[in-house]
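Chemist: In case you want the letters, here they are:
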Amino acid sequence: MSKTETKKENALPTVKIYIMGSAHEVPESLTIMKAMEYAGFKIKRGAGCRAGFCGACGTVYRKAGDYRLYAALACQTQVEDGMVLTQLPFIPAPKGIYDIDTLQPTESSILRYYPEVARCLSCNACSKVCPQDIQVMDFVQYSLQGQIDKAAEVSFDCVQCGLCAIRCPAEIPQYHVGMLARRLHGKYNTSTPETLLERVEEIENGTFEQGFEELLSLSKDGLKKRYTERDFVDQKKA
Amino acid sequence: MSYEYIKFGKEEREFRQKIEEISGENIFSCYQCGKCSAGCMFSDKMDRTVNQQILRIQLGQKEKVLSANTHWVCASCLTCSVRCPRDIDVAAIMEAIREYTLREEPEKIKISELPKKVLEKLPNIALVANFRKKTG
Amino acid sequence: MVQYSYFPGCNLKTNAKGFEETAIAVSKKLNVELVEIPNWNCCGTVHTMTSDNIMKRIAPVRVLSRSKKHIETLEESPNQVVTLCSMCNSTLKIVSKEVSDNQDTLDKINYQLEDDELTYENDIEVKHFLEILRDSVGYEGISKKVVKPLKGLKVSPYYGCMLLHPEEAKIDDEEMPDVLESLVESLGAELVMSPLFKYCCGSYHIVDQENIVSSQVEKIVEAATRRGANALVVACPLCSYNIDQQQKAMAKESAGFKPIPIFYFTQLMALAMGEPVKINHFKEHFINPEPLLKELGLIGRKKTK
Chain A
0 MSKTETKKEN ALPTVKIYIM GSAHEVPESL TIMKAMEYAG FKIKRGAGCR AGFCGACGTV
60 YRKAGDYRLY AALACQTQVE DGMVLTQLPF IPAPKGIYDI DTLQPTESSI LRYYPEVARC
120 LSCNACSKVC PQDIQVMDFV QYSLQGQIDK AAEVSFDCVQ CGLCAIRCPA EIPQYHVGML
180 ARRLHGKYNT STPETLLERV EEIENGTFEQ GFEELLSLSK DGLKKRYTER DFVDQKKA
Chain B
0 MSYEYIKFGK EEREFRQKIE EISGENIFSC YQCGKCSAGC MFSDKMDRTV NQQILRIQLG
60 QKEKVLSANT HWVCASCLTC SVRCPRDIDV AAIMEAIREY TLREEPEKIK ISELPKKVLE
120 KLPNIALVAN FRKKTG
Chain C
0 MVQYSYFPGC NLKTNAKGFE ETAIAVSKKL NVELVEIPNW NCCGTVHTMT SDNIMKRIAP
60 VRVLSRSKKH IETLEESPNQ VVTLCSMCNS TLKIVSKEVS DNQDTLDKIN YQLEDDELTY
120 ENDIEVKHFL EILRDSVGYE GISKKVVKPL KGLKVSPYYG CMLLHPEEAK IDDEEMPDVL
180 ESLVESLGAE LVMSPLFKYC CGSYHIVDQE NIVSSQVEKI VEAATRRGAN ALVVACPLCS
240 YNIDQQQKAM AKESAGFKPI PIFYFTQLMA LAMGEPVKIN HFKEHFINPE PLLKELGLIG
300 RKKTK
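Protein sequences appear in the order of chains A, B and C. All residue numbers in the first sequence are consecutive under numbering that gives the first Met the number 0, ending with 237. All residue numbers in the second sequence are consecutive under numbering that gives the first Met the number 0, ending with 135. All residue numbers in the third sequence are consecutive under numbering that gives the first Met the number 0, ending with 304.
For the record, the hints were derived by calculation from the structure and aren't laboratory data. Wrong hints could be hidden among the right ones.
[Unchecked claim] DSS-like, lysine-lysine: derived pairs with alpha carbons at most 30 Å apart: (1) B:Lys107 <-> C:Lys12; (2) C:Lys126 <-> A:Lys149; (3) B:Lys34 <-> C:Lys96; (4) B:Lys115 <-> C:Lys282; (5) B:Lys61 <-> B:Lys34; (6) B:Lys120 <-> C:Lys55; (7) A:Lys149 <-> C:Lys55; (8) C:Lys28 <-> C:Lys55; (9) B:Lys109 <-> B:Lys61; (10) A:Lys62 <-> C:Lys107; (11) C:Lys169 <-> C:Lys153; (12) A:Lys149 <-> C:Lys67; (13) C:Lys16 <-> A:Lys186; (14) B:Lys116 <-> A:Lys186; (15) A:Lys149 <-> A:Lys186; (16) B:Lys120 <-> C:Lys277; (17) C:Lys247 <-> B:Lys44; (18) C:Lys16 <-> C:Lys277; (19) B:Lys115 <-> A:Lys94; (20) B:Lys17 <-> C:Lys107; (21) C:Lys169 <-> A:Lys149; (22) C:Lys55 <-> B:Lys61.
Looking at chain A on its own, in the form it has when it is part of the complex:
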């Protein structure tokens, strides 16, 4: 038995992954993001909430012996043996510039900013790649048909990671299209929730100013202490 193998017996079970072509031995229980950090990568761009909500850590990978190209959020996906991966910290896709207050929700308001939607080939590559399991093609089609409400509903879980836009043969920025649909739907087709109005009023009346000032005056250690000791119990009700 060689030295290295004895050493391994006591360590966590590991898998071999390839990050941008170079091999790394990492514990099998890690997520892709943690595995990259374990392997020594410092992630400056391409990580955010680390909880699957911000969509900053889009990653593409292949598995050993499998021709398919997979995509996932690095913070939500466990490593597998033989995985070959790279992160896509940023997706270049132009955003339409619009003023939501003057834009009206008509059948053509999405095509006006994203005419490339009309190039959709219905290949469904976008839905297959989506880490949120959204039927991306369906909401693109709804946008083409001018059914903004349906497009907004179907795209609701989108975290704007942009992986769909990378896979699209028609070069559509689906995630921006969904965002516009949700903005239009939210602004014009739905009523504003009362709780939101209440909270806006509270902010405008300065209800939280004292709390913010208190936090801003704290030292780094003081902030850390407050963070670790925080609880989510409603102070008023408790």
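Model the placement of chains B and C on the given structure of chain A, informed by the hints.
Modeler: Below, chains B and C alone, put in the same frame as chain A:
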């Protein structure tokens, strides 16, 4: 009067074969009766008629074929295809010339430069059809 | 009531709402129900005529396969998907013929669809609504439901290209069709024949070569009005848009030009069958047909002349 020599080299043959491959039609089926151009409702707007284009393809004259506006004026109404006495899908040959161009330069129409006002009023059916024909 | 799996196509949800609403209303009167496919996608509008581009054939085959799934949920439904738009009709028919002739192409497309739990097995027929009216309902059945014959309306049928071309997609004889003619007559309107009944309107060139469309439309309208037509009847939302919108522009430019309103064939049927006027969405037309209809006493109570 100047004469033009007809060349029949590798380049000419390859262009013709590529058009045949994309369209799936035998270009030499055409016997130049001109029925396609006679029935074409866009002939007056083309700088070379449809049967002339086909002759150029037979001769493999790539530059001349691609520089004409014929295939971009064609609206795929398919009248030529249903009337051809040699059963050639003439419109498919026009489509093949378009595709040949688009496979190298994918944008005959610059979508991002279309004015917002135009996009607003156009029906989606026109955009879908146009982009399918004019972008690759 | 016979239920048909109905594929609307993108434009019937935006620019041609009147087409869809009138079609659904009149079909109910004729004991036919058009049930929309859930989650349908755009068929691609134009069919690729290349021999090697599989990608552009995926959309129409996906429509057929979604429709097949839909038909299984319907009662008393023939194995047919019905379209109203003539461009959808042609695209779907061509592709269904192509894949039935070429198993290899179908296999390649099915390979793409498999991940979405869809496959297509050449087991569905594409029909245009006009074919249903002619072959299943019959003109006599339509005449019987007419409560307000369209007297005074001189209608010229305009087929456009995609109802009659190509061979695989045509719903009638490509040089001598009579389906729109018979329909117009069964509604009590006067028929005006125009030689330019399938003179292409310029189609998708409206996006970047408007001049082509305007010169085509000018000839189409002129040919019909010279023979006394006061309305055109169409089956294609793009023909309708092009002719309607260009006429308005031309009327603005020259005072001598007399524009005529465009109707979808289902709108004429709805008018003749006494359906409420508002389902026609006449407000969305560029040339409003209401003044003419009022003048002829076909809508509204007052007769102006």
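Chemist: All the hints need checking, so say for each whether the structure fits it.
Modeler: For each hint, the structure was consulted:
About 28 Å separates the Cα atoms of Lys107 (chain B) and Lys12 (chain C), which keeps this hinted pair within 30 Å; it holds. Among the hinted pairs, Lys126 (chain C) with Lys149 (chain A) is consistent with the structure: their alpha-carbon atoms are about 28 Å apart, no more than 30 Å. Distance hint between Lys34 (chain B) and Lys96 (chain C) is fulfilled; the C-alpha atoms sit about 26 Å from each other, no more than 30 Å. Distance restraint check for Lys115 (chain B) and Lys282 (chain C): the Cα-Cα separation of roughly 23 Å lies within the 30 Å cut-off, and the hinted pair is therefore satisfied.
Simply put, Lys61 (chain B) and Lys34 (chain B) have alpha-carbon atoms about 23 Å apart, close enough for the 30 Å limit, and the pair holds. Under the criterion of a C-alpha separation no larger than 30 Å, the hint pairing Lys120 (chain B) with Lys55 (chain C) is consistent with the structure, at around 26 Å. Restraint check for Lys149 (chain A) and Lys55 (chain C): satisfied, since their Cα atoms lie roughly 25 Å apart, inside the 30 Å limit. Between Lys28 (chain C) and Lys55 (chain C), the direct Cα distance comes to roughly 38 Å. Violation of the 30 Å bound is thereby established for this hinted pair.
Of the pairs offered as hints, the one joining Lys109 (chain B) and Lys61 (chain B) holds, with about 24 Å between alpha carbons and a cut-off of 30 Å not exceeded. Between Lys62 (chain A) and Lys107 (chain C) the alpha-carbon distance is near 24 Å, which keeps this suggested pair within the 30 Å criterion. This hinted pair checks out: Lys169 (chain C) and Lys153 (chain C) have alpha carbons roughly 26 Å apart, not beyond 30 Å. Restraint check for Lys149 (chain A) and Lys67 (chain C): satisfied, since their Cα atoms lie roughly 23 Å apart, inside the 30 Å limit.
As the CA atoms of Lys16 (chain C) and Lys186 (chain A) are separated by approximately 24 Å, the hinted pair is consistent with the 30 Å bound. Of the supplied pair hints, the one linking Lys116 (chain B) and Lys186 (chain A) holds, its CA atoms being roughly 23 Å apart against a limit of 30 Å. With a CA separation close to 15 Å, the supplied pair Lys149 (chain A) and Lys186 (chain A) stays within the 30 Å bound. Restraint check for Lys120 (chain B) and Lys277 (chain C): the C-alpha separation of about 22 Å stays at or below 30 Å, so the hint holds.
Note on Lys247 (chain C) and Lys44 (chain B): the hinted pairing holds, with a Cα-Cα distance of about 23 Å set against a maximum of 30 Å. Between the alpha carbons of Lys16 (chain C) and Lys277 (chain C) the distance comes to roughly 11 Å, so the proposed pair stays at or under 30 Å and holds. Distance check on the hinted pair: Lys115 (chain B) and Lys94 (chain A) sit about 15 Å apart at the alpha-carbon level, within 30 Å; holds. With a CA separation close to 22 Å, the supplied pair Lys17 (chain B) and Lys107 (chain C) stays within the 30 Å bound.
At roughly 34 Å between alpha-carbon atoms, Lys169 (chain C) and Lys149 (chain A) are farther apart than 30 Å, so this suggested pair is violated. Restraint check for Lys55 (chain C) and Lys61 (chain B): the C-alpha separation of about 26 Å stays at or below 30 Å, so the hint holds.
Hint violations for this structure: numbers 8, 21, all remaining hints satisfied.
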